[in-house]
Amino acid sequence: MPPPSPAFGRHLALLILVLAAASRAQDPGETIEVEGERRSGSAQAPASATTVIDSAQFGGEVRSVAEMLLSAPGVSVHALGGPGQPATLSLRGASADQSLVLLDGIPLQGPGGGAVDLSTLPATLLERMVVSRGVLGAQFGAGALGGAVELLPRSARSTWSGGAEVAGGSFGTGRFALDAAMPLGNGSGLFAVQGDRTSGDFEYARQLTPEISDSPYYGFKRDNADAKRGSALMRVSQELGDDLGADFLFQGSTGLRGLPGPASAPTPRSRELDQGALGGLRVRGTSGGASWSLRASGRVDRVELRGVLPFGDCQDGTPDCPRQDQRSSAGRGEGEIVLPFGEANAVKMLLAGGGEWVSGAGIGPHRRGVLAAAFSGDIALPAGVAVHPALRFDGVGGQTGLSPALTAQWRPAPDHPLSLRAGWGRSFRAPTFSELYLEVGGIASNPDLRPERAWSVDAGADWRVAGLTLSATAFWSSYRQLILYQLFPPARVKPFNVGESRIAGVELQAVVPLPSRFLATVSYSFLDAVNRADGHKLAYRPPHRVFARLARRGDRLEGYGEVSFTSALPRNAFDTAFVGRQVLLNAGAGVRAVGPLWIDVEAKNLLDDRTYEDLFQYPLPGLSIAVIARARL
Amino acid sequence: MKKTAILVLIAACGGKYQAPPPVASIALPEGSQLKPYHPDQPGLARPQVLAQAAGRVYVTLSNQRDTSTFPVNAGPGFLATFVPSTGAPSITLIDLGGSDGLQCQNPGFVRASADGRLYAPCSGNFSGSDVSRAIVEVDPLANAVIRRAAIPDGRVPNGVAVTPTRIWTGDSFTTTVFSIDRTTLAADPTAPVPLDCPKNVFSYVADVMTIGGDVYALCASDISGVLYRLAPDTGAVKGTVAVGPNPTELTGLDDGRIAVVSAGDNTVWLVTTTGSTLSAQKVLTLANVAALQDIRAFGRILFTVASATNTAQRIDLDAQGGPKVVGEANFGQSSGPYNILPLDDMQAIVSNRGTNTIAAANWVTPK
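Note that the protein sequences, when read in sequence, are chains A and B. Using my numbering, the first residue of the first sequence is number 2, and each one after it goes up by one. Using my numbering, the first residue of the second sequence is number 150, and each one after it goes up by one.
Excised from the complex, chain A in its bound form (with noise of 0.2 Å):
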């Protein structure tokens, strides 16, 4: 590894002194609320692995929702270079197409009905990210075989309050969000703006020799690697009589970004741009003691390329260039009920149905129904045990499948802090209609596809008692019928059911309350990702993952310090190839300078090691700095 640039040891110095005089500054007998683990699991997947990341805890910092979701542990980011590219999610090992994403409960998907983007949500509009691990199918729907992420945006209020925030940085980099919620009608409303950019023209380093290990590296400036977004929330909840109430949402989100390509091949006229809204309309209540609601929701997305070729760029607008637009939408409507009984048990039953749509560039227009039906009951046993069986039907075209699911906990007294817990899930995912049908370029589709199938287990234990937490969780999964892209000859690749493989790992983490209000965070997740087929370990999964963070959050000052490591992960289907461990240091420290308003300071990739890059040869920044100024009433 190159040494670090000889600017890190003064920024270093720089945020220690601040970080020293932060701990020092806090008045005596202060209280601060400790943020972070406060809330233990989700309600959709009770029992199960689970990580609640509160985002009000990255307050101060630039981060993306990808950002944010890699403090937990079981997650990585399969992403495609620096701010603003794209990213997608992997949980236990899964691809990102077997990992959910979910808006206030509508599932998220990408043009062509594949993964969803992280880098077009919003992070600043989120209020917590509930990360679900596991083949969860029976408790989120089917694709769920690596886990959920559930994103829950900020909540109207019945109060005036309201935020603002305004960053900028290295790399032309800039953010502004505003929200504000208010007293509304007979409820409560919320609106949220947010705003990024980068010029993405940060500088790498690579070897161009890399056989020879000791050969220099050499600089180099990313080019087309720009991003504008602009992205906006609306929520209203309407109270319309004394067991009624009425809930909508509303989320869109724009970009513009250059697609820069690998550092091997750059291609410095693709461009995309994108268009997405999501809308859902929720009618809620209770009668007798049970709770209902009905609820109808959809989404629009489009993607537009311009100047990509499937083996390289060229000049959009010409002849053999034209402007590739996909569009893809989804409504559903569904109704669920949860009826009490006992003194503590409860069964929940959903009903839902609607359909997808595709059409465009590559792929034609195309259209599927879907359609759940799900049973799940929350049942208490004697001796502090609670199980939690869950069973749904999916029918996604003409593919359907049922995912029973079963949970189990352990608590030895209500209020103890011990908790030990168990699961079994089995589901499928039903191919997307980019899999089925996208012909373009290199690649072939094949509507012969069948539903990839998963089951796991799990065991784990949590401790929590006075804002610390220790959990820690074993699982076992297995996939068969995997969705592979394999080279089809002579050029062009093409998705089969051919692949089969078994993925173990071990998630820990532990959120420990300090002494002067610092909060210590460390996660850790082991992968054993195996072919079944030959014994080989999977591609781009990385074997070991820590993340670890002390921040400390007072109502004068403010900082924090992480630590993120990556072992090496292989990159090709032999282990004979891998993608080099990472290790990046991020640090920040803030002031509340007058009144509401905060200043802070944070640096990304302290060690300013540029020769880190992305799966697939995307260089990643070096050293970033970053001013941000944000006031809270």
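Keep in mind that the hints were calculated from the coordinates and are not lab data. Any given hint might turn out to be false.
Unchecked claim - In the DSS-like style, the derived pairs of lysine-lysine whose C-alpha atoms are separated by at most 30 Å in a straight line are:
#1 B:K387 to B:K431
#2 A:K222 to B:K387
#3 B:K431 to A:K538
#4 A:K538 to B:K473
#5 B:K348 to B:K431
#6 B:K348 to A:K538
#7 B:K165 to A:K229
#8 B:K387 to B:K348
#9 B:K431 to B:K473
#10 B:K348 to A:K495
#11 A:K495 to A:K538
To be verified - Some chain B residues well away from chain A (every beta-carbon gap over 12 Å; in silico):
#12 Y166
#13 V221
#14 G247
#15 G250
#16 S262
#17 R296
#18 V390
#19 Q430
#20 A436
#21 R449
In this text, a Cβ means the ideal position worked out from N, Cα and C, and glycines have one as well.
Please arrange chain B on chain A, whose structure you already have, making use of the hints.
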């Protein structure tokens, strides 16, 4: 003084890494020089395989045009030929397309026979039914096409091995090899020889080559690779041996061994022939490159190219501790080196499919 101050300022403001050195290369003809079928839709050279004959270097030009779906043949296939020299060589084009321009499209290989002729299989548009699939015979002394063998329908030629009586080629569609009578240039009526290598999804014939009087054929699949040794006259299988997954090329060494490079796991194998037995040994893993496309030998030195890392490697088989990469060259971003031709044990020529150039890899230490 002023100049010195400026230099100091530049040095102080400069990054911590040097800028990459410039890469010298020679542009291959393109556009109207490649006789496009439609003047407003010209092609790019897209050079592929290199061969040497009559003191000259030959490189196939696919002459393709990029589109939003798949590269299409913009004009006839060409050979570009030049005399390697330290200066800019003069490039001569040999049109393989005949009078109608359709007699050969997308030539993917060129190889010299023992009697000095060049043979280039043309894959056409990979449909298996177009008229532009052929194997053309070129006289390197006249730089002209002499004869042409048509390919039976349903087959797409890939690779070429010339024996005294036959021209062998692989079929991209059916994982078979078949022969063409070298006298009549008609496809032999005998059934193609099937090759078999374990696969999950696909298998194909990566190349065929004449080495030591026998024909060797590489069966490549997504999970395996098998080298076949075939009788030069009948195609009868004389032996097989497993090599690494998805092998892309092979080459003969002076000592009779055969080197194979496998793109699937980035490995180099040496195959030894003992009587009717073939044995293979993995001798090197190139863990830091991607998409290994070619391997050639000069004496005890092997040369490989990796198109996804834009690099070529020089491998010393006699290095202390076993075969080792002792030199590497980079041809610049997007160059996509595809094929390499050693001129001696320290210098080689590379065809860059990405940038439509040829370049030299030179490991001679300047004195």
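We went through each hint and held it up to the structure:
Taken as a hint, the K387 of chain B and K431 of chain B pair is honoured in the structure, with Cα atoms around 22 Å apart against an allowance of 30 Å. As the CA atoms of K222 of chain A and K387 of chain B are separated by approximately 54 Å, the hinted pair breaks the 30 Å bound. Restraint check for K431 of chain B and K538 of chain A: satisfied, since their Cα atoms lie roughly 20 Å apart, inside the 30 Å limit. Our distance criterion of 30 Å between C-alpha atoms is met by K538 of chain A and K473 of chain B, whose separation comes to about 26 Å.
Note on K348 of chain B and K431 of chain B: the hinted pairing holds, with a Cα-Cα distance of about 20 Å set against a maximum of 30 Å. The suggested pairing of K348 of chain B with K538 of chain A holds, with an alpha-carbon distance near 18 Å, which does not exceed 30 Å. A hinted pair counts as satisfied when its Cα atoms are at most 30 Å apart, and K165 of chain B with K229 of chain A qualifies at roughly 29 Å. Our distance criterion of 30 Å between C-alpha atoms is met by K387 of chain B and K348 of chain B, whose separation comes to about 22 Å.
Simply put, K431 of chain B and K473 of chain B have alpha-carbon atoms about 12 Å apart, close enough for the 30 Å limit, and the pair holds. Between K348 of chain B and K495 of chain A the alpha-carbon distance is near 15 Å, which keeps this suggested pair within the 30 Å criterion. Under the criterion of a C-alpha separation no larger than 30 Å, the hint pairing K495 of chain A with K538 of chain A is consistent with the structure, at around 22 Å. With 12 Å as the threshold on Cβ separation, the claim that Y166 of chain B sits away from chain A is violated: the shortest Cβ distance comes to roughly 3 Å.
V221 of chain B, annotated as away from the interface, has a beta carbon of chain A within 12 Å; the closest lies near 9 Å. Here G247 of chain B stays apart from chain A, with its beta-carbon at least about 23 Å from theirs, past the 12 Å limit. The beta carbon of G250 of chain B is kept farther than 12 Å from every beta carbon of chain A, the shortest such distance being approximately 20 Å. No Cβ of chain A approaches the Cβ of S262 of chain B within 12 Å, the least distance being about 25 Å, so the stated non-interface status holds.
The Cβ of R296 of chain B lies farther than 12 Å from every Cβ of chain A, with a closest approach of about 26 Å, so its non-interface assignment holds. The beta carbon of V390 of chain B is kept farther than 12 Å from every beta carbon of chain A, the shortest such distance being approximately 18 Å. Remark: the non-interface label on Q430 of chain B is consistent with the geometry, its nearest Cβ contact in chain A lying 15 Å away (cut-off 12 Å). Distance to chain A contradicts A436 of chain B as a non-interface residue, since its nearest Cβ pair spans about 5 Å, not more than 12 Å.
At the 12 Å boundary, the C-beta of R449 of chain B stays outside the reach of chain A, the nearest C-beta of that chain being 18 Å off.
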